[in-house]
Amino acid sequence: MDAATWTVVRLTAELAALSTTLLLLLGTPLAWWLARTASPAKPLLAALVAMPLVLPPSVLGFYLLLLMGPQGPVGQFTQWLGLGRLPFTFSGLVVASVIYSMPFVVQPLQQAFEAIPERTLEAAATLRAGPLDRFFTIALPLARPGLVTASVLGFAHTVGEFGVVLMIGGNIPGQTRVLSVALFEHVEAAEFAAAHRLAAGMLGFALVVLVLLHLANRSARGARAA
Amino acid sequence: MPTFAPLARTALLCTAALLGNTARADEVLVAVAANFAGPLAALAEGFTAATGHTLKASAGATGKFYSQIASGAPFQVLLAADDETPRRLVAEGHAVAGSQFTYAIGVLVLWSAQAGMVDDQGAVLAGGRFARLAVANPKLAPYGAAAMEVLKARGLADALAPRLVTAESIAQAYQFVATGNAELGFVALSQVAVPGRPPTGSHWKVPASLHGEIRQDAVLLKPGAQSAAASALLSYLKSPAARKLIQAWGYGA
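Residue numbers (the numbering used here), protein chains in the order written: chain A, 1 to 226; chain B, 1001 to 1253.
Hints are computed from structural coordinates only; laboratory data are not their basis.
Any given hint could turn out to be false.
To be verified - In silico contact screen, one side only, chain A against chain B (beta carbon under 7 angstroms); selected entries:
1. 63
2. 65
3. 70
4. 71
5. 170
6. 171
7. 174
8. 188
9. 189
10. 190
11. 194
Glycine included, C-beta positions come from ideal geometry on N, C-alpha and C.
Isolated chain A, as found in the complex (with noise of 0.2 angstroms):
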């Protein structure tokens, strides 16, 4: 691998691994909320989160693109915080990627929470346990097959993001040059061998991934049945 390729690989996994993080610390308590609550905005607040699910990345970037900039709200905000502007940096990726990924990682743990019977958080209740400890000791381990779920979509989720990226990212290498738009220019140049070698790599990704997290799964839904 050249050093131009691995500078790609590399951004990319870092924009992987600190989107994920993000989304694990924003998208859990979310995802614990939407499980128990009753409140009416409930349903407006699920469809915000599934929206990436249905919307073409290319309004997502559209959007972004007028809102980060210098005449959009939230670009007026962060260059009034003196963070400059958020388009064609690594920073701005990782605000598109957690807005782009949020459902692939609020959704399975969203389904995780809600499996677990009521009756389960009652008892410990009675046992004087509080909201959080019952939180962090009871639902977070029983959920453990949601969050495995929900960390590798996320993760996987971001390294496949193209659209978002192609918009907002303007290209820079060692910045926002990702794998998916470094294959879309070797693609468009016509650079077949240089193309095979990300795409046949970005295949071989996404296959182990997902074989590795339905073994997962079904190790722990084995181990629970045990």
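Knowing the structure of chain A, use the given hints to seat chain B on it.
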């Protein structure tokens, strides 16, 4: 199923009628370089009036069209942003030999959406008043390659490298500048000087001496070899009326 038979027959007849229409080929499918999409839309009217044919255009980066055409895309005419791609398509047997000609000579401009930002000498490039300079990917877009030649000619290529953002086509470069995300960008004159619309922002028409000539060539592709509409379009592009309109859009011709 007696009730379905007439329905099926009607459907079949309708399909045949539709297919018959397209087979008569009054419509030409054009792959057009992003910078020429506007002028082509303006040309379409005159083309239909003069020949009775219509055209359907897909705008994009010339490099992308090359890959698609080489993989069997059904485009009948390519209006490229360079002369290299048509030549290559002819050499590789995807386009009709002898059909290639220059339909426009591209004019590169340095453009900003802000009025008064760009001076008429392009001196703004050497200053520090901008954070981002958008160029089309020089590997994929001839205007991007020309832009890099300008930076080299001015001795600024290395100094400005950290401030460059690369768009996948000249259309995206325009979009980066139009949204203000890049203060400056190299785009085509045809994108900023639209006839009948006051120019926005400020721009510097880059002298042709600073970069290689951007010859934009048209070529008849193999799927259009038998199409009367495709040949008619290529002839129409050479007509005085079309030449005049192409010049009005800021191309040398």
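Hint by hint, here is what the structure shows:
Among the interface hints, the one on residue 63 of chain A is violated; its C-beta lies about 11 angstroms from the nearest C-beta in chain B, farther than the 7 angstroms criterion. Look at residue 65 of chain A: its Cβ gets to within about 5 angstroms of chain B, closer than 7 angstroms, so that hint holds up. Because the closest C-beta pair between residue 70 of chain A and chain B is about 4 angstroms apart, less than 7 angstroms, the hint holds. For residue 71 of chain A, the interface hint holds, the least distance from its beta-carbon to any beta-carbon of chain B being 6 angstroms, beneath 7 angstroms.
Look at residue 170 of chain A: its Cβ gets to within about 3 angstroms of chain B, closer than 7 angstroms, so that hint holds up. Because the closest C-beta pair between residue 171 of chain A and chain B is about 4 angstroms apart, less than 7 angstroms, the hint holds. Residue-level restraint check for residue 174 of chain A is violated (minimum Cβ-Cβ distance to chain B is 10 angstroms; threshold 7 angstroms). For residue 188 of chain A, the interface hint holds, since its Cβ comes within 7 angstroms of a Cβ in chain B; the closest pair sits about 5 angstroms apart.
For residue 189 of chain A, the shortest C-beta to C-beta distance to chain B is roughly 5 angstroms, which falls under 7 angstroms, so the interface hint holds. With a least beta-carbon distance of about 6 angstroms to chain B, the hint placing residue 190 of chain A at the interface is held under the 7 angstroms criterion. For residue 194 of chain A, the interface hint is violated, since its Cβ never comes within 7 angstroms of a Cβ in chain B; the closest pair sits about 12 angstroms apart.
The earlier numbered hints that this structure contradicts are 1, 7 and 11.
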